Structures are given as structure tokens and as C-alpha cells.
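Q: Residue numbers (our numbering), protein chains in the order written: chain A, 160 to 212; chain B, 32 to 314.
Hint data in this document are derived by calculation from the structure and do not stem from the laboratory.
Watch out, some of these pointers could steer you wrong.
Label pairs and their in silico Cβ distance ranges [what the hints assert, rightly or not]: (1) B/L127 to A/P197: 32 to 40 Å; (2) B/E131 to A/C166: 46 to 54 Å; (3) B/G156 to A/T193: 26 to 34 Å; (4) B/E180 to A/E206: 51 to 59 Å; (5) A/E165 to B/T35: 42 to 50 Å.
Just so you know, these numbers come straight off a predicted model, no measurement behind them.
Even glycine gets a Cβ: it sits at the ideal position worked out from N, Cα and C.
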Amino acid sequence: MTECPECGRAIEKQNLIEGEIFPCPDCGLELEVTSLVPFRVDTAPREAEDWGE
Amino acid sequence: MSETFTLGLFYTVIRPEEKWILEAAANRGIPVERLHDEAVTFPVVRNGFHADLVLNRSVSHSRSMYALRFFEHYGVPTVNAYDVVALCGDKVLTSLRLSEAGVPTPETVVALTPEAALKALDEVGYPAVLKPPVGSWGRLMAKVDDREEAEQIIEHKTALGSSMHSIFYVQEYVPKPERDLRVLVVGDEVVAAMYRFSKEWRTNAARGATTEPLVPSPELSELALRASEAVGGGVLAVDLMESPEGLVVHEVNHTPEFKALSGATGVDVASKIVDYAAEVARR
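Given these sequences and hints, build the entire structure.
A: Structure representation (C-alpha cells):
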């Protein structure tokens, strides 16, 4: 268990994997799983100018 | 199905697409070496790197370009190949190649200075669309309705100062229905297609366009396959518009997102991609 760095909402590991991005269920901020053990999340990286498909 | 190769996944973040790719590989017993584009280092002499084939899922064009060139240098095949990404990542080069292959595209004029950009817009006629040569998700594209607006937009682009905004890719505004078409090609197969609807002139799913499945006509499939082949083939999303003169290809995306496409069509695109990667690795 960890918490959203923006709103403090508790975030459970569930079936998330390292590197996965997902929205915080409360504030909607896009988060990234930066570590599974220990379980940590941080704000997802911001879109850069050359990002795309 | 069991495979004997290790799949390298070069990625920036794990979106649903990358998660599905990892699951598809796991279901096939294919070991995956995860290569995070923020962490990998590239010695000129290959060292400490196991993958037999690298699937590029990095969202960064510049990181992809260097990384794919390194993998090529190491003798490791990639999906897509460096040359394909270099071409598709640059709208100018894509337009030239599609034109050389006889694939219909919107009328396009490129200008290398702000002054020439105004001339290019006059040549294409208003309204027109101004795009950065490198970029995606409809970012910093502008629909230009008249000369006054053109002067303002070009001034702003020039003020941004980056080299990306000092080359001007000017395209005719295609009076299309409120939708465009996306066709996903994997190897020599059209695996899925959808309409993307938007009341806005940009119909990128990243901009919130809604989608509907599409059963591609023989003409659409043939055109998408020709566009894919023209740029070198691989896993490619061909975007087309319905112009009054018929279908035109306006983009070929080299690292396609497919969450919306899988959702609209029910096609397991991730498995198609992993199977194709396995096939390329066997060659």
C-alpha cells in the first residue's frame, strides 16, 4: 500500500506491474508504478515534444 | 506455442498496450527482457544485453531513433526497423515516400523558412493545415483559415525556437466527413480497422475521438498495404481520410497505440504483434 503523491489517496498494488501507468481513482492524476518491492508510485512522466505513435 | 527467443521490449511507460504485449508473450512462453528507455545505456560494443529481437514501444521518437540504430548495430532485428521509424517519424519523408510509391496523399508543400511558409500556404490555398514535421497526437497542428491567421501562427511557431518548428509542413485541408479511418497493418496482413469520429478537424484517439469498427473494403485494405509496404513494412497504423476524390493516406504511425482499436474491434492486436515479432525473429 502506498499513496497518491497529489491527493494522498491510498493506492493498492493489486495486479499493477512495474512501469504501469494508471489514473488515481480519486484525483485522476496519472501515476506510474516506479517500484513493486517496496511498492511505490509517482507522478507519470509528462508528455514531451517528440512523444507520439 | 513455445519459442526459443527472448523478446526485448523497449518502452517508456507500460500502457494497456504494453501490458497486453507482455501478457501475450507470457501466454506463448516467450521470455521478455524489459528495456526501459529511461534506464538503458548503449555501449558502442554490445554488452550485457540478451534480447534476440526488440519490439519498440517507446513513445519518444528521438529515443527510438538512437536505440533502434544501436540494436541494428548489435545485429538485433527490431520491430519496427530503424529505417521504417526514421521515415514514418518524419512527415516530410513519409509524404515523399508515399508519393514515390503512387499512394494518394493530400496535397503537401514544405517550406524551410517562415517567409516561404506563407508562400506555401498561398500555393495550397486556405483553409490549410500546418503541421510540425515530427510530432504526433495532433500536437501543435493548426488549421489555418486565412493569411492573417497564418502570419500569427507562424510568428508563434518561430518564437518556440526549436528546429522542429522552423520547418513548415503545409497540407491542404481535406473537406472530409467528421471521421477518418485507421487501418492497422501487421506484416502483410490488415488486422483491424476503425473509424475515428470527431466534430473537431483532428480525429486522433488521443484527442478524445470516438471510434467504431470498420470492415475494410478491398480498396481500403489494398491502399493500407501499399502504404505500409512503401515505408518498409512492419507494425504500422495507416491513417486515411475520405476526400471528395477518394481515399488519401495522411499518416503512417510507426509505434501505434491500439487500445481504442482493440476496444472497437475486439481484435487481439497485442497477440498479432507478438506473433509477428516471433516470425521476424525466426527469419
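Q: Compare the structure with each hint and give your call.
A: For each hint, the structure was consulted:
Separation of B/L127 from A/P197 is about 51 Å and departs from the stated range, judged on CB atoms against 32 to 40 Å. The given range of 46 to 54 Å is respected by B/E131 and A/C166, whose C-beta atoms sit roughly 53 Å from each other. Take B/G156 and A/T193: their Cβ atoms lie about 50 Å apart, and the range 26 to 34 Å is violated. A beta carbon spacing of about 26 Å between B/E180 and A/E206 contradicts the range 51 to 59 Å that was offered as a hint.
The hinted window of 42 to 50 Å between A/E165 and B/T35 holds, with their beta carbons roughly 45 Å apart.
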